[in-house]
Every structure is written in C-alpha cells, then in structure tokens.
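The working numbering numbers the first residue of the sequence shown as 12 and each following residue consecutively.
Calculated from the structure, these hints are not laboratory results.
Predicted, not measured: the structure shown is a model, and the values here were computed from it.
Treat the hints with care, since some could be wrong.
Pairs of lysine to aspartate or glutamate residues, derived as DMTMM-like cross-links and limited to a Cα-Cα distance of at most 20 Å, are as follows [what the hints assert, rightly or not]:
id, residue 1, residue 2
1, Lys19, Asp97
2, Lys66, Glu143
3, Lys117, Asp81
4, Lys109, Glu143
5, Lys115, Asp97
6, Lys121, Glu91
7, Lys121, Glu61
8, Lys66, Asp80
9, Lys121, Asp63
10, Lys109, Asp119
11, Lys129, Asp97
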Amino acid sequence: MHCESPEKARFFGHLDITTLGAAGFASQRTLGTLHLDLRQYDGFVIRILESDSKKYTLTVKDEILPPRDDGRDQSTISWEYDFVCDTGDVKILWSDFKPTYRGKPKLDAKPLDLSSIKRISFMMRSFFGEQEGDFTLTVAHLAAISDRPTSPGSELSFEKDHAAVRAAARPPGAQSSWLSWICG
12 MHCESPEKAR FFGHLDITTL GAAGFASQRT LGTLHLDLRQ YDGFVIRILE
62 SDSKKYTLTV KDEILPPRDD GRDQSTISWE YDFVCDTGDV KILWSDFKPT
112 YRGKPKLDAK PLDLSSIKRI SFMMRSFFGE QEGDFTLTVA HLAAISDRPT
162 SPGSELSFEK DHAAVRAAAR PPGAQSSWLS WICG
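Kindly produce the complete structure, drawing on both the sequences and the hints.
Following this line, the structure appears as structure tokens:
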C-alpha cells in the first residue's frame, strides 16, 4: 500500500500464481492492533478513486493471537467481503461479511464482535486461477457508516476519527488519518 497523499492510498502489485499452482494472494493490513468499538455503526463504506475492475476483499478481524515461536501470526477467524468496483462507493453492511478460517468458509463461527475490531486489511487473491497479474486499487477513504436516523452525522470517517481515538499514541508529525493505520 502506497500512501500517495493524505487523500488517497494505492494498493498495487503483481499477483504471480505460477509457483503455488494457481493459488496466491497479496494483502495490506492495519499496523499493530486496533481497538475499535463499531457497535453503533451498520457497516463500512470504501470510496474507490481508481480500480482495474478486479475482485478485492476487505477483511476484518476481532481476534489477534500472540505470534507463534517463529514470529509468524497465528491464524484466527477472518470476516471477509469480496467486491468489484470501478470507481465510487462500496457500501458493506456487517451482515455482508462472511466468516472464514484460512480462506475457507467457517459456518460455525461465533458472531463478529463489533465492540473489538482489531485489524482491517485489503486483499487481492487469485481465487484459484480466476485472476492474476498486475493489480491496482486507489482508495480515498474507509469509513464506518450508520443509517440510523437518530445520529446527526451518519458517517464516521476514520480520517476524521483517528485523531480522537489515537491522539495520545501518535508521534508528532504523524499522519492524522486512517491511512496512518496502514501506512504508518
């Protein structure tokens, strides 16, 4: 993920599926562990500025286990939503996210714990040979949304909220937006 400016980030690369027999993926996740309580919201909206019309996945995690002895992450349930969009907004309700474990459906998963969102990531995957090669997705923002009529502002952009949530932990000169969660 390349943070081109405070207004946009570009997720791009080349997906080579020859080594793993038509399998493969690339992803970019938030840095560290988030501590987001999104219970008052109904989902996310992603504003796409540019895309190659390939299928991408937004992944949310509510559990992060300690690293394994070799330093790699331990696998946990991921909540995934696949989308294709040229430009514009992609609205994703919580009910649209499907639980998976290591890429396979996990139908007996406990419900997504919206009070404890720990990680968010963008992913490009081959879907076992369906797509490969160069990819690019330029994102203006990722925001939590609410359609509830009682809220005066029905959209919370992490761009706006980041300073309030993590101001104490942010070093001087750091970006004050959702981009800093991914780009540092």
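Hints and how they fare:
no., hint, result
1, Lys19 with Asp97, "15 Å, holds"
2, Lys66 with Glu143, "11 Å, holds"
3, Lys117 with Asp81, "26 Å, violated"
4, Lys109 with Glu143, "23 Å, violated"
5, Lys115 with Asp97, "27 Å, violated"
6, Lys121 with Glu91, "14 Å, holds"
7, Lys121 with Glu61, "35 Å, violated"
8, Lys66 with Asp80, "34 Å, violated"
9, Lys121 with Asp63, "34 Å, violated"
10, Lys109 with Asp119, "11 Å, holds"
11, Lys129 with Asp97, "28 Å, violated"
In this structure, the hints that do not hold are numbers 3, 4, 5, 7, 8, 9, 11, in rising order.
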